[in-house]
Amino acid sequence: MLTLGLDTTGKACSAALVDEGRVIAHCSEPIGRGHAERLAPLVHELIYNAGRNVDDISRVAVCTGPGSFTGQRVALSFAKGFALPRKLPVIGLSSLEIWAREADPENNKLVVSIADVRRGELCWAVWKNGICEIEPVTQKADEAETLIDMIGADVIIRDAPISTILLAWLAQDETSQSAPATPLYSRAPDAKLPGGITPKAQKPKPQFRKIAL
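Be aware that the sequence shown starts at 32, since it is given in the working numbering, and climbs by one per residue.
For the record, the hints were derived by calculation from the structure and aren't laboratory data. In this text, all values refer to a predicted model and were calculated from it rather than measured experimentally. Some hints could be false.
As the list claims (entries may be wrong) - With a straight-line cut-off of 30 Å between C-alpha atoms, the simulated BS3-like cross-links for lysine-lysine are:
1. Lys42 with Lys171
2. Lys42 with Lys111
3. Lys140 with Lys159
4. Lys159 with Lys171
Said to hold, decoys possible - Label-pair distances were calculated between CB atoms; the ranges are:
5. Asp173 with Glu68: 20 to 30 Å
6. Asp87 with Lys171: 44 to 54 Å
7. Ala81 with Leu178: 35 to 45 Å
8. Ala172 with Leu141: 15 to 25 Å
9. Lys171 with Asn84: 40 to 50 Å
10. Ile62 with Glu133: 21 to 31 Å
11. Asp173 with Tyr79: 45 to 55 Å
12. Lys171 with Lys118: 40 to 50 Å
Cβ atoms here follow ideal geometry from the backbone N, Cα and C, with glycine treated the same way.
Start from the sequences, fold in the hints, and give me the full structure.
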(Lines of atoms letter the chains of each structure in order from A; the text may use other names.)
(Lines give C-alpha, C1' and ligand atoms only; values in the text may rest on other atoms or scores of the structure.)
Protein backbone atom coordinates (compact mmCIF):
# COMPACT_ATOMS: atom_id res chain seq x y z
CA MET A 32 0.00 0.00 0.00
CA LEU A 33 1.81 3.11 -1.26
CA THR A 34 1.74 6.12 1.05
CA LEU A 35 2.66 9.67 0.04
CA GLY A 36 4.11 11.79 2.86
CA LEU A 37 4.14 15.59 2.66
CA ASP A 38 5.63 18.37 4.78
CA THR A 39 5.82 22.13 4.18
CA THR A 40 5.68 23.33 7.79
CA GLY A 41 9.32 24.46 7.85
CA LYS A 42 11.92 25.79 5.43
CA ALA A 43 12.02 22.57 3.42
CA CYS A 44 9.51 21.34 0.87
CA SER A 45 9.51 17.57 1.36
CA ALA A 46 7.78 14.46 0.06
CA ALA A 47 8.31 10.72 0.41
CA LEU A 48 6.87 7.47 -0.91
CA VAL A 49 6.72 4.46 1.42
CA ASP A 50 5.26 1.09 0.48
CA GLU A 51 4.52 -1.31 3.36
CA GLY A 52 7.46 0.01 5.36
CA ARG A 53 9.85 0.12 2.40
CA VAL A 54 11.18 3.52 1.30
CA ILE A 55 10.53 3.98 -2.41
CA ALA A 56 11.62 7.59 -2.88
CA HIS A 57 12.29 10.78 -0.92
CA CYS A 58 13.05 14.40 -1.72
CA SER A 59 13.56 17.42 0.53
CA GLU A 60 14.44 20.87 -0.81
CA PRO A 61 15.37 23.64 1.71
CA ILE A 62 13.76 26.38 -0.35
CA GLY A 63 12.72 28.70 2.50
CA ARG A 64 9.81 30.17 0.53
CA GLY A 65 7.69 29.23 -2.45
CA HIS A 66 6.31 25.96 -1.08
CA ALA A 67 2.96 26.46 -2.80
CA GLU A 68 4.60 26.75 -6.21
CA ARG A 69 7.10 23.92 -5.69
CA LEU A 70 5.13 21.17 -3.93
CA ALA A 71 3.03 19.88 -6.85
CA PRO A 72 5.98 19.65 -9.30
CA LEU A 73 8.11 18.03 -6.60
CA VAL A 74 5.47 15.36 -5.92
CA HIS A 75 5.00 14.56 -9.59
CA GLU A 76 8.78 14.38 -10.13
CA LEU A 77 9.09 12.07 -7.12
CA ILE A 78 6.38 9.71 -8.37
CA TYR A 79 7.70 9.72 -11.95
CA ASN A 80 11.34 9.14 -10.94
CA ALA A 81 10.23 6.25 -8.73
CA GLY A 82 8.60 4.58 -11.73
CA ARG A 83 5.16 4.87 -10.19
CA ASN A 84 1.86 6.45 -11.20
CA VAL A 85 -0.35 8.81 -9.23
CA ASP A 86 -3.02 6.11 -9.27
CA ASP A 87 -0.67 3.85 -7.30
CA ILE A 88 -1.05 6.06 -4.22
CA SER A 89 -3.29 4.49 -1.56
CA ARG A 90 -3.17 7.16 1.14
CA VAL A 91 -1.68 10.57 1.86
CA ALA A 92 0.06 11.58 5.09
CA VAL A 93 0.69 15.22 5.93
CA CYS A 94 2.54 17.02 8.73
CA THR A 95 0.03 19.27 10.50
CA GLY A 96 2.51 21.50 12.32
CA PRO A 97 3.21 23.48 14.33
CA GLY A 98 4.83 25.73 11.77
CA SER A 99 4.12 28.81 9.69
CA PHE A 100 0.44 29.43 8.94
CA THR A 101 1.02 29.45 5.18
CA GLY A 102 3.37 26.48 5.22
CA GLN A 103 0.97 24.33 7.21
CA ARG A 104 -1.88 24.98 4.83
CA VAL A 105 0.13 24.39 1.64
CA ALA A 106 0.66 20.67 2.27
CA LEU A 107 -2.78 20.21 3.83
CA SER A 108 -4.54 21.83 0.88
CA PHE A 109 -2.49 19.85 -1.64
CA ALA A 110 -3.08 16.59 0.24
CA LYS A 111 -6.84 17.07 0.31
CA GLY A 112 -6.96 18.22 -3.31
CA PHE A 113 -4.92 15.19 -4.36
CA ALA A 114 -6.89 12.71 -2.27
CA LEU A 115 -10.48 13.87 -2.70
CA PRO A 116 -11.05 12.97 -6.38
CA ARG A 117 -9.28 9.65 -5.81
CA LYS A 118 -11.23 8.94 -2.61
CA LEU A 119 -8.04 8.39 -0.62
CA PRO A 120 -7.68 8.79 3.15
CA VAL A 121 -5.65 11.76 4.38
CA ILE A 122 -3.84 11.24 7.68
CA GLY A 123 -2.42 14.14 9.68
CA LEU A 124 0.40 13.82 12.20
CA SER A 125 2.05 16.66 14.10
CA SER A 126 5.77 17.28 14.03
CA LEU A 127 5.73 16.79 17.81
CA GLU A 128 4.45 13.24 17.41
CA ILE A 129 6.84 12.45 14.56
CA TRP A 130 9.81 13.59 16.67
CA ALA A 131 8.57 11.62 19.68
CA ARG A 132 8.10 8.43 17.70
CA GLU A 133 11.54 8.86 16.12
CA ALA A 134 13.15 9.34 19.55
CA ASP A 135 11.39 6.31 21.03
CA PRO A 136 10.96 3.60 18.37
CA GLU A 137 10.57 0.91 21.05
CA ASN A 138 7.78 2.82 22.86
CA ASN A 139 9.40 2.45 26.27
CA LYS A 140 10.58 5.97 27.16
CA LEU A 141 9.32 9.31 28.40
CA VAL A 142 9.78 11.83 25.58
CA VAL A 143 9.25 15.58 25.68
CA SER A 144 8.88 16.85 22.13
CA ILE A 145 9.52 20.58 21.72
CA ALA A 146 9.11 22.98 18.81
CA ASP A 147 10.41 26.54 18.69
CA VAL A 148 7.39 28.45 17.40
CA ARG A 149 9.16 31.85 17.46
CA ARG A 150 8.27 35.01 19.35
CA GLY A 151 10.06 33.53 22.35
CA GLU A 152 7.57 30.67 22.65
CA LEU A 153 7.80 26.89 22.73
CA CYS A 154 5.15 24.35 21.81
CA TRP A 155 5.64 21.02 23.58
CA ALA A 156 3.93 17.74 24.34
CA VAL A 157 4.74 14.58 26.27
CA TRP A 158 4.75 10.96 25.14
CA LYS A 159 5.23 8.02 27.49
CA ASN A 160 5.66 4.49 26.15
CA GLY A 161 4.40 5.64 22.76
CA ILE A 162 1.22 7.25 24.12
CA CYS A 163 0.57 10.99 24.13
CA GLU A 164 0.14 11.82 27.81
CA ILE A 165 0.11 15.62 27.78
CA GLU A 166 -1.38 17.43 24.81
CA PRO A 167 0.46 20.25 23.01
CA VAL A 168 1.05 23.31 25.19
CA THR A 169 2.41 26.69 24.05
CA GLN A 170 4.36 28.74 26.60
CA LYS A 171 6.82 31.57 26.73
CA ALA A 172 10.26 30.01 26.74
CA ASP A 173 11.27 31.79 29.95
CA GLU A 174 8.06 30.63 31.66
CA ALA A 175 8.33 26.96 30.76
CA GLU A 176 9.57 25.89 34.20
CA THR A 177 7.55 22.70 33.85
CA LEU A 178 9.90 21.62 31.09
CA ILE A 179 12.97 22.18 33.25
CA ASP A 180 11.53 20.01 36.03
CA MET A 181 10.35 17.38 33.56
CA ILE A 182 13.51 17.05 31.51
CA GLY A 183 16.13 17.23 34.26
CA ALA A 184 19.86 17.10 33.59
CA ASP A 185 20.29 13.64 32.06
CA VAL A 186 18.76 14.19 28.66
CA ILE A 187 19.81 14.04 25.04
CA ILE A 188 18.81 17.16 23.11
CA ARG A 189 19.09 17.37 19.36
CA ASP A 190 17.68 19.50 16.59
CA ALA A 191 15.88 17.48 13.95
CA PRO A 192 13.97 18.26 10.75
CA ILE A 193 10.72 16.48 10.01
CA SER A 194 11.24 13.12 8.33
CA THR A 195 8.59 12.66 5.66
CA ILE A 196 9.80 9.06 5.39
CA LEU A 197 8.86 8.46 9.02
CA LEU A 198 5.64 10.43 8.54
CA ALA A 199 4.57 8.17 5.67
CA TRP A 200 5.69 5.08 7.57
CA LEU A 201 3.73 6.05 10.69
CA ALA A 202 0.63 6.70 8.59
CA GLN A 203 0.59 3.03 7.62
CA ASP A 204 0.13 2.09 11.29
CA GLU A 205 -3.47 1.17 12.13
CA THR A 206 -3.39 3.42 15.21
CA SER A 207 -2.80 6.45 12.96
CA GLN A 208 -5.67 5.83 10.57
CA SER A 209 -8.10 8.17 12.35
CA ALA A 210 -5.60 11.01 12.89
CA PRO A 211 -7.31 14.21 11.65
CA ALA A 212 -5.70 16.21 8.86
CA THR A 213 -6.23 19.59 10.54
CA PRO A 214 -3.50 22.17 11.19
CA LEU A 215 -2.00 22.34 14.68
CA TYR A 216 -1.66 26.06 15.35
CA SER A 217 0.44 27.05 18.34
CA ARG A 218 -1.33 30.41 18.38
CA ALA A 219 -3.94 32.27 16.38
CA PRO A 220 -2.10 33.13 13.12
CA ASP A 221 -1.49 36.65 11.89
CA ALA A 222 -2.68 35.72 8.39
CA LYS A 223 -6.32 36.28 7.54
CA LEU A 224 -8.68 33.98 5.70
CA PRO A 225 -11.00 35.42 3.02
CA GLY A 226 -13.38 37.91 4.61
CA GLY A 227 -10.81 39.04 7.18
CA ILE A 228 -11.42 36.05 9.45
CA THR A 229 -8.60 35.09 11.80
CA PRO A 230 -8.37 31.29 12.17
CA LYS A 231 -8.46 30.10 15.76
CA ALA A 232 -5.57 28.17 17.26
CA GLN A 233 -6.41 24.49 16.98
CA LYS A 234 -5.28 21.39 18.79
CA PRO A 235 -5.68 17.76 17.79
CA LYS A 236 -8.48 15.86 19.50
CA PRO A 237 -7.18 12.47 20.58
CA GLN A 238 -7.95 11.16 24.06
CA PHE A 239 -5.17 12.03 26.51
CA ARG A 240 -4.33 10.53 29.90
CA LYS A 241 -2.81 13.06 32.29
CA ILE A 242 0.12 11.86 34.35
CA ALA A 243 1.98 13.20 37.35
CA LEU A 244 5.60 13.79 36.41
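Supplied distance hint 20 to 30 Å, evaluated on CB atoms of Asp173 and Glu68:
38 Å, violated
Check the following: the C-beta atoms of Lys171 and Asn84 are separated by a distance inside 40 to 50 Å.
For Lys171 and Asn84 the Cβ distance comes to about 48 Å; the hint holds.
A range of 40 to 50 Å was offered for this pair. Does it hold for the Cβ distance of Lys171 and Lys118?
44 Å, holds
Does the Cβ pair Ile62, Glu133 satisfy 21 to 31 Å?
Because 23 Å falls inside the window, the suggested range holds.
Is the Cα-Cα distance between Lys42 and Lys111 30 Å or less?
21 Å, holds
Starting from the hint 35 to 45 Å, judge whether the C-beta atoms of Ala81 and Leu178 obey it.
With a Cβ separation near 41 Å, Ala81 and Leu178 satisfy 35 to 45 Å, so the hint holds.
Pairwise hint evaluation, Lys171 against Lys42, where the allowed Cα distance is 30 Å at most:
Roughly 23 Å separates the two Cα atoms, so the pair holds.
Outcome of range test on Cβ distance (Ala172, Leu141; 15 to 25 Å)
21 Å, holds
Taking the Cβ atom of Asp173 and the Cβ atom of Tyr79, is their distance within the range 45 to 55 Å?
With a Cβ separation near 49 Å, Asp173 and Tyr79 satisfy 45 to 55 Å, so the hint holds.
Does the beta carbon distance between Asp87 and Lys171 stay inside 44 to 54 Å, or does it fall outside?
46 Å, holds
Restraint status (C-alpha distance of Lys159 to Lys171 at most 30 Å):
Measuring from Cα to Cα gives roughly 24 Å; hence the hint holds.
CA of Lys140 to CA of Lys159, is that 30 Å or under?
6 Å, holds
Of the numbered hints given earlier, the model fails hint 5 alone.
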